[in-house]
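Undergrad: According to our numbering, the sequence shown is numbered sequentially starting from 20.
Please note: incorrect hints may appear among the correct ones.
Said to hold, decoys possible - In silico DSSO-like pairs for lysine-lysine, Cα to Cα no more than 27 Å straight-line: (1) 99 / 83; (2) 59 / 78; (3) 86 / 97; (4) 97 / 78; (5) 78 / 99; (6) 83 / 97; (7) 83 / 59; (8) 98 / 78.
Note that these hints are calculated values from the structure, not bench results.
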Amino acid sequence: MPCWGWSGFYGYGIIGSLVGFGFMILFLILIYFIFKNLFKNNHSRQNQKNKVSNEDVLKILNEKFVKGEITEEEYIRKKKLIE
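Please model the entire structure based on the sequences and the hints provided.
TA: Listed below in structure tokens is the structure:
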């Protein structure tokens, strides 16, 4: 018959308590990594949506130069910064 007194986990004593505590720690670590990976993947997806490639920026810069919104000096300076 199981006893929940000083002997703990069905009579296995301190060893049973340590094993149970170890499993609890492993379970908490598993939960931590699951949540960490879920939020990391969500964060990386948001970064991919917000990223603008250099090609897109150069296209916009070229359009502004063609429309006359920026001077040739500004165009050259900004193009060097982008590349």
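Undergrad: Now, for every hint given, state plainly whether the structure supports it.
TA: Quick rundown of the hints versus the structure:
| no. | hint | in the structure |
| --- | --- | --- |
| 1 | 99 / 83 | holds (16 Å) |
| 2 | 59 / 78 | violated (31 Å) |
| 3 | 86 / 97 | holds (16 Å) |
| 4 | 97 / 78 | holds (12 Å) |
| 5 | 78 / 99 | holds (14 Å) |
| 6 | 83 / 97 | holds (11 Å) |
| 7 | 83 / 59 | violated (37 Å) |
| 8 | 98 / 78 | holds (11 Å) |
Of the numbered hints given earlier, the model fails hints 2, 7; all others are met.
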